Amino acid sequence: MAQATPKIRILQGAEPDLSAATYQIHDESHTIGNALRWMIMKNPKVEFCGYSAPHPSENHINMRIQMYDGLSSLTALLEALKNLDDLCVTIDEAYTHSMQNDQYERWDEKS
Amino acid sequence: MASSSSSHLPASVFNPRRHVGVHAERVSDVASTEFPGHYPGEDHSWSLAKFKETLKVSVKRLSQRSVEFDLVGVDASIANAFRRIMLSEVPTLAIEDVFVFNNTSVIHDEVLSHRLGLIPINVDPRLFEFRQDIPLDRNTLVFRLNVTCERIKKASKDGPQYINEYVRSGDLEWVPQGEQESVFASNPPAATNKDIVLAKLRPGQTIEMELHAIKGVGKEHAKWSPVATASYRLHPLILLNPSKPVPPHLAQKFASCFSPGVVKVSPDGQVSIDERHLRKETMSREVLRHKEFEGCVELKRIRDWFIFSVESEGPYTPESLFPESIKVMRGKIASIREAAEALLADSQDLGSGSAPAASAGPDADGDVEMA
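So the protein sequences, as listed, match chains S and V.
For the first sequence, position 29 (counting from the first letter as 1) is numbered 29 according to the UniProt record's numbering, and the numbering increases by one without interruption.
For the second sequence, position 201 (counting from the first letter as 1) is numbered 201 according to the UniProt record's numbering, and the numbering increases by one without interruption.
Isolated chain V, as found in the complex (with noise of 0.2 Å):
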């Protein structure tokens, strides 16, 4: 098995029936077998007291924009349902109805409209509700765009020569509904990044809009997604095997297929693996190209240990990102839930034979309607 020199992986993870295969040109073992009547004699039912010894959360890296860490013990669906509701389904507000009164910019309305759309804002999504019909001050944030460029008067030859000659994404201006302007005192709404350009004028050009925000979701347009990315990887993994080490004098090449740090040379020309950055291995599989180290090592990712990399773009914090996620993932839990206690009331009500899903089915013709 691989040298433990330096133990910062635990025992649990030279586990093979946690390691996930990577060759030449294919991936093998990547589907979890644990599940009851797989392995005769083990009892791998679901178990929250087993659970909550075997997981293990850990906060790698924290920046103000992005953050890094690991998950590990949780199956595939699982940390995928949280990757998948961080991208799509955390909500954010975002500018969805624009009102042009004036715009004799060279950029046509509907594309300066789908760049505005796109513009991150700064507010809290948990104070707005979404908007069913009616906007309200409950639903809807208003921004103003009105800027007109001119000509500077006595500018200098190398200085700027007009003013507003680019409309940023720190022009808009909030005006406050009904209840907002004491809510949001203290912090008024505005883009989280000022920079933006949205477009560009020359003298005598101008834009005059109404831009109404609302509350949405990143599955209905990517305008509302909260995050940049969200995404993780395996935790990389290299076994050498014992019976067959490295030859000396190739253990400089060998460690060259590796990305920096991840084998070390001693002196003498043995190699062996730094568990401690073993994560930063790209998995390249440059060592399996070369025939003389056939069957000297294997590569491997470990199947329940995801690296989650996190960056926030919008109102988040990157931290708060993934609580959200949870957050979400228990109200759709809870919708179901109550949809299935109302349909095993409706059952039992039916008495003990008669089909509960004669009266839901699909139509005579076996379709399923839609609504």
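So that you can see chain S by itself, here it is in the shape it has in the complex (with noise of 0.2 Å):
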């Protein structure tokens, strides 16, 4: 076993400024790639994003983001991951008031 594989790294080829970057994302899946990518294609200075899961038997994800007016990319992903953030904190709570206060059928279920 080598030293622990960093959460996140930098792919070869990267613009200097991380204007356009790809970040290998370890142990992750399409879980949170498909979700983070939406959540950066929302960002209008994002000029491109996607990502993909290489190959099953590799537990990581890469992730390309390309901005526009040289912004850095590494800002755009910190941001997305805040918004997913406060994005479900939202849905939790409105989750959680559902639950707590609308009218809802309660049945019995034999198991």
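Check each hint, because a few of them may be wrong.
As the list claims (entries may be wrong) - A short, non-exhaustive set of chain V residues, derived as facing chain S with CB atoms under 10 Å:
| hint | residue |
| --- | --- |
| 1 | P36 |
| 2 | S77 |
| 3 | I78 |
| 4 | E338 |
As the list claims (entries may be wrong) - Okay, derived cross-link-like pairs now, DSS-like style, lysine-lysine, Cα gap no bigger than 30 Å in a straight line:
| hint | chain 1 | residue 1 | chain 2 | residue 2 |
| --- | --- | --- | --- | --- |
| 5 | S | K7 | V | K219 |
| 6 | S | K82 | V | K56 |
| 7 | V | K200 | V | K154 |
In case anyone wonders, no lab produced these hints; they're calculated from the structure.
Source: prediction; values computed, not measured.
Every residue, glycine too, gets a C-beta built ideally from N, C-alpha and C.
The two chains are supplied separately, each in an independent frame; assemble them into the complex guided by the hints.
Dropping the structure here:
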């Protein structure tokens, strides 16, 4: 075993100013890949964003981000992560609120 | 547009941009297009305020084993993330190590061990840690299985002949370790269902085993999955064409193309959609098989209206599974964020120009090294 794999690393070929870069995220899958890709694409400063899970036996995803105006893709990634977290909190609150306050059918399920 | 006599659906549901087309042999407009730059002059950038306005979560049915709820106003990637997490990343406990001291039953050690692994255990996984290497009272739960079958002396002719003819999940005896005795005093660890038959015995056959249950997640093995199913479907929508009404003499036939209650027929043969029952529609597409209804109706689904159905099988109550999946999702986001912030700090240390990629790139042949 080598030393622990870093959670994120930037793959070769990234622009020096990180205006275009591919991030390899370790131990993640389509679960976070697609959700994060969607949130990054919601940013108007992003020219392109896509991800791939290169191979089933490799435990990582590659996330490609290209920015307009030479902006940093790392900043866009961080912003998207924050927004995605806000989204999770909002959904959690809405679900809890509905569970506590809404009228819904309760039924007895035989197992 | 559709009849809105009993308007249970909000008007925004009829916005064609939210529709996925369902045709006889294909679907259309599957992908969402609401991204910045797609529609000139429209702003589709992320806005938390706007999201809060459009998001609707509404619980529909709840039993002690399952829950059905609507999640409206999110993209498929988000809904799918939660579904995937419920299936494979919400932790539970399951038997992982089996020490066989004696097994003279007809079922092989490895087959029985596999069956044991699949038993759902009623312990709250939040009280446990993942086992790294050494078993401790904080990460391992120990059970014993010690069953011998015997003939009942003086058994009645038509009653049971043997004791312990069936080995059931209820025969697992919990062996408390360390602090566990006090922590689980009120709710001793056991199988959630005590009636699962694990093996069948005949007189003289015996099973003696020690079982270690540990915490894990469903992506490693499905035995750690906390759900029986976690799935969603999109809300169905039926749009009648006002310029080509269904002929009154065919109204009953038209109605029978849909799930019961979805299409209403008035005494004079006018058809309308009962929006309260629309979610029951199975979308069988039967109506599209009949020439006489061509152009009368369009079948749609609403792209951002997810009807979730989650069945719990294990320690979690059905209503707590979705919040648990959100917790796991936030944990993932937090760990990526931490790493990304470290990367940002690194790149700033290196100054403005020098590539932070150089040190972390693949090796000389361009391959990505596996750990």
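Report the numbers of all earlier hints that the structure fails to satisfy, in ascending order. The structure conflicts with no hint, since it agrees with every one listed earlier.
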